[in-house]
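Chemist: Same order as they appear, the protein sequences are chains A and B. Sequential numbering from 353 applies to the first sequence in the numbering used here. Sequential numbering from 57 applies to the second sequence in the numbering used here.
Derived by calculation from the structure, the hints in this document are not laboratory data. Heads up, the beta-carbon is just placed ideally off N, CA and C, and yes, glycines get one too. Please note: incorrect hints may appear among the correct ones.
Unchecked claim - Within a straight-line C-alpha distance of at most 30 Å, the following computed DSS-like cross-link-like pairs (lysine-lysine) qualify:
hint, chain 1, residue 1, chain 2, residue 2
1, A, 429, B, 97
2, B, 100, A, 429
3, B, 92, A, 429
4, B, 127, B, 108
5, B, 65, B, 127
6, A, 412, B, 100
7, B, 97, A, 412
8, B, 96, A, 412
9, B, 97, A, 420
10, B, 96, A, 429
11, A, 404, B, 92
12, B, 97, A, 408
13, A, 404, B, 78
14, B, 123, B, 100
15, A, 457, B, 96
16, B, 65, B, 96
17, B, 75, B, 123
18, A, 457, B, 92
19, A, 457, B, 65
20, A, 457, B, 78
21, A, 457, B, 100
22, A, 457, B, 75
23, B, 123, A, 404
24, B, 100, A, 408
25, B, 108, B, 97
26, B, 97, A, 457
27, B, 65, A, 412
28, A, 412, B, 92
29, A, 457, B, 123
30, B, 78, B, 123
31, A, 408, A, 429
32, A, 408, A, 420
33, A, 412, A, 457
34, A, 429, A, 412
35, A, 420, B, 100
36, B, 65, B, 78
What the hints assert, rightly or not - Short derived list, chain B residues pointing at chain A, Cβ under 10 Å:
hint, residue
37, 60
38, 100
39, 101
40, 106
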Amino acid sequence: GDSVTQMEGPVTLSEEAFLTINCTYTATGYPSLFWYVQYPGEGLQLLLKATKADDKGSNKGFEATYRKETTSFHLEKGSVQVSDSAVYFCALGSGQAGTALIFGKGTTLSVSS
Amino acid sequence: DTAVSQTPKYLVTQMGNDKSIKCEQNLGHDTMYWYKQDSKKFLKIMFSYNNKELIINETVPNRFSPKSPDKAHLNLHINSLELGDSAVYFCASSQEGTGRAGYTFGSGTRLTVV
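Next up, chain B with everything else stripped away, as it sits in the complex (with noise of 0.2 Å):
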């Protein structure tokens, strides 16, 4: 039973085009989050959503729009790409909001722009 499940894995598409990373976690968790980890595997937040409101939103171009239908499900909607987009995104998820407990990850999405 994987707690956290990202699809796709991977995700080669080209410049222009619009693509979604889905999230689902069965842990029960109230929050859940979106990594990026770029090429030097610096880990960045992205957004946060906790039982489906919108808790955290980086500064990150409009372009990337996350939603949450349900508390453990968090996608990731990103329009017209851009080279720059290319990395690998996880989601994770939390009990709780604030950190104290830590996260579990998903095996993250490498999504390749070209």
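With the rest of the complex left out, here is chain A (with noise of 0.2 Å):
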């Protein structure tokens, strides 16, 4: 079946430094790809995304592209903030009825400042 793999935590880094969290995924047709982040004590927002190959989905400051060719959704920021700190998800949504949104283990990112 479909399933998504993203790389364990903790994931811990200054002010200003680049971050990558890596998503795999596994999928029999063209789903569509998210990363969702918890803020703590709050529940899941969607943070971006992508509902086909090569779709690049952004927002604040976060991007992600949807690659088929490695079947991977790799999250990425510039320059993180003492804010970003949060537990990211990476998630898949393969597209046919009757299915659910399968998510990652996910990240926890923690940045100090």
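Got two chains here, separate frames each, mind docking them using the hints?
Modeler: Structure follows, in structure tokens:
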């Protein structure tokens, strides 16, 4: 079945460092891909998404490109801030009726000043 | 205006009790979901409803029973609570049931069974 694998954390960075969180997927069809962010004590918020190969999703300085050839959707940000400290989830939507979003295990990011 | 709202936010109860968590969405979405997040932050789908019809029913103990009185509401009732039920439960909604458009999540209900 479909699945998502993302790098395990925690990831610890200093403010203004470059961030990459790796995400790869397996899917039989043409899924949509998402990054969600969960701040402490809160629910999940959609950070960005891409619905087809070569699409680039971007929001709040974060970017991810849907790479079909490498089945990847890595999250990047050029300069992280303390306020970016959160748990980041990569997710896959198969596009098939009767299915639910499949999430990776989450990566905890901690940014210090 | 909260798009997906869950109540209560925190729930502490004793083993063996029965409790309910309520969820309401004002987005006009057709599909609603319950997810369970364990202590390691892993998210697992439990149920989904599309316009009051049960669509997804994952391997969940039958002590858990979802109820959808209308397409804007999806409640979760749990009988005979056990220690292992302690988790954060998230409600979510989507415009359609394929996952392509992504979901809007509520802020979660932290259930602690003692």
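Chemist: Once the shortest beta carbon distance from residue 60(B) to chain A is found, is it less than 10 Å?
Modeler: holds, 8 Å
Chemist: Is the hinted pair residue 429(A) and residue 97(B) satisfied, with a Cα-Cα distance of at most 30 Å?
Modeler: With Cα atoms ~23 Å apart, residue 429(A) and residue 97(B) stay inside 30 Å; holds.
Chemist: Grab the minimum C-beta distance from residue 100(B) to chain A and call the hint holds if it beats 10 Å, violated otherwise.
Modeler: holds, 8 Å
Chemist: Does residue 65(B) pair with residue 412(A) here, judged by a C-alpha cut-off of 30 Å?
Modeler: Judged against 30 Å, a Cα distance of about 28 Å means the pair holds.
Chemist: Just to be careful, I want the Cα atoms of residue 65(B) and residue 78(B) compared with a cutoff of 30 Å; is the pair within it?
Modeler: holds, 10 Å
Chemist: Given the hint that residue 78(B) pairs with residue 123(B), does the C-alpha gap stay at or below 30 Å?
Modeler: The hint holds at about 10 Å.
Chemist: Taken at face value, is the distance from the CA of residue 429(A) to the CA of residue 100(B) at most 30 Å?
Modeler: holds, 27 Å
Chemist: Given the hint that residue 408(A) pairs with residue 420(A), does the C-alpha gap stay at or below 30 Å?
Modeler: holds, 12 Å
Chemist: Please work out if residue 429(A) and residue 412(A) have their alpha carbons no farther apart than 30 Å.
Modeler: holds, 9 Å
Chemist: Keeping to a limit of 30 Å between CA atoms, is the pair of residue 96(B) and residue 429(A) held or broken?
Modeler: holds, 25 Å
Chemist: What's the verdict on residue 408(A) and residue 429(A), does the C-alpha distance respect the 30 Å limit or exceed it?
Modeler: Holds: residue 408(A) and residue 429(A) sit about 13 Å apart, inside 30 Å.
Chemist: Do the alpha carbons of residue 75(B) and residue 123(B) lie within 30 Å of each other, as the hint requires?
Modeler: Holds. Residue 75(B) to residue 123(B) sits at ~13 Å (cutoff 30 Å).
This entry does not satisfy hints 13, 23, going by the numbered hints stated previously.
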